[in-house]
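Trainee: Going line by line, the protein sequences match chains A and B. Using the numbering used here, count along the first sequence one by one with no gaps and you end on 86. Using the numbering used here, count along the second sequence one by one with no gaps and you end on 345.
Derived by calculation from the structure, the hints in this document are not laboratory data. One should not assume that every hint holds.
To be verified - On the chain A side, residues computed to face chain B include the following (Cβ under 8 angstroms): (1) Ala46; (2) Ala47; (3) Val49.
Being a predicted model, the structure only gives us computed values, none of them experimental. Every residue, glycine too, gets a C-beta built ideally from N, C-alpha and C.
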Amino acid sequence: MVDINLAEASVEQILANQRGLIAIGAGLAVGLSGIASALAEKDIGAAAVGAMAEREELFGKGLIMTVIPETIVIFGLVVAILLLFL
Amino acid sequence: MAFLIKRGSKKYPYITARVRAMKSKLMPREVYPKLMNMDIPEITRLMGESEYKQDVDELAQKYSGLDLLEHALNQNLARTYRKLLRISKDEPNYLITEYLRHWDIWNIKTILRGKYYGAPAQEIMDAVVAAGQLGYRQITSIANMESIEDIKSALANSPYYSAIADYEGGELSTIENELDKIYYSRLLASIGKSKGEKLSLKFIMTEIDLKNLKTLFRTKKAGLDKDVILELLIPGGMELKSRDLKKMSSLSWSDFLKRLEDYSYWSAISEVVSEDMTSLMDVEAVLDKYAIEYASKVSHYYPISILPIYDYMLRKNNEINSIRTIVRGKKVNLPDEIIRKHLVM
């Protein structure tokens with residue numbers, strides 16, 4: 001960790017520090033939401049494969065159900081993009 | 001992270017979804033009235049085009065007519081149950097294994113009964129369902145044994161040995177009771193403390209209740225002595241605890257019926273139960289139906305648990321029993337009305 005004394009820091013240093021924090025926030029937004037959707041998809045995926053093993057025509061439905069929690073990570077991605085570029 | 005992956009639903013999503021898909025392949029209710037209007041060859045052909053195709057095809061060289069159907073049904077049931085064991089892991093697998101020991105008991109009973117009445121091994125094998133821990137080969141070799149001593153020594157390492165250890169031939173009812181008791185006490189003892197296992201426990205306790213109710217109805221109707229009845233009942237039920245069973249076994253027929261009103265099962269059986277009823281067929285059909293409906297109801301409460309699997313096992317068994325009832329009824333020319341009464345739909 002770089003120790004910055006705010007009273008002595010220049011404006012550039014402070015701005016760089018803030019950009020770093022924003023990047024960490026963006027990383028957390030994508031990373032945590034990624035883990036969350038993975039946890040949700042784990043069971044749904046297993047169930048979809050189980051159902052498909054018996055009835056192949058359930059492939060389409062199973063696929064859609066499996067990717068529904070994907071929205072969580074997309075929200076995370078959107079938040080990350082907002083943080084980084086706005 | 002490991003704790004997040006390890007906890008949770010424990011391999012249930014895969015097996016429950018698969019079992020649900022299997023359940024959707026069971027025969028729909030509309031098929032049974034159609035089956036009632038068919039002859040046995042027609043039914044066999046229909047079965048040969050359905051889920052039973054593989055079994056009918058395999059056995060068609062060896063058997064024909066009623067025998068073919070009978071064997072195909074038994075083989076299909078055993079295969080379905082073994083498939084459940086194959087596709088499950090960990091906790092569900094363990095619970096299914098314990099539950100399927102029911103068929104071990106069934107097979108041992110069948111063999112002993114067959115030996116008691118001097119039936120040939122081939123005939124005994126007709127009624128065997130190799131879905132438990134005893135494999136088909138093992139059962140065949142046991143069924144081919146001549147003396148009770150050989151059968152006993154063949155089963156010496158099984159958990160059921162204590163029930164048959166003292167059997168010397170003759171009346172089987174005590175042995176059969178003992179076997180049932182061993183099965184249920186093992187089943188109850190094997191269930192641990194996880195959520196899935198607790199749900200399983202509730203289901204099995206209800207099953208014991210229903211079994212006890214059937215026994216109570218039969219024995220009360222026959223007017224048996226209190227001590228004899230108590231011997232026949234299985235401890236460990238949900239609503240009918242040992243205390244209730246003790247009380248009920250000493251009541252008279254009419255008091256017994258009145259007493260039943262205190263239990264939740266009454267709402268299911270109240271319509272068919274009356275003091276002057278002569279046949280218990282209706283009550284037993286209603287109780288079977290209650291078991292199936294109960295299983296289906298709780299499987300919706302807890303969709304990712306062992307319960308949908310129990311529900312499927314009950315339904316599959318019921319489907320096979322229904323088809324067998326129809327075929328057997330047709331064979332002996334029973335009127336449709338009576339066959340319909342025996343069906344649990």
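Trainee: Hints first: check each against the structure and report whether it holds.
Mentor: Verification of the supplied hints:
Given the 8 angstroms rule on beta carbons, the hint for Ala46 of chain A holds: about 4 angstroms separates it from the nearest Cβ of chain B. Satisfaction of the interface hint for Ala47 of chain A is found here, the shortest Cβ-Cβ separation to chain B being roughly 4 angstroms, below the 8 angstroms cut-off. Evaluation of the Val49 of chain A hint against chain B yields a held restraint, the C-beta minimum of about 7 angstroms falling below 8 angstroms.
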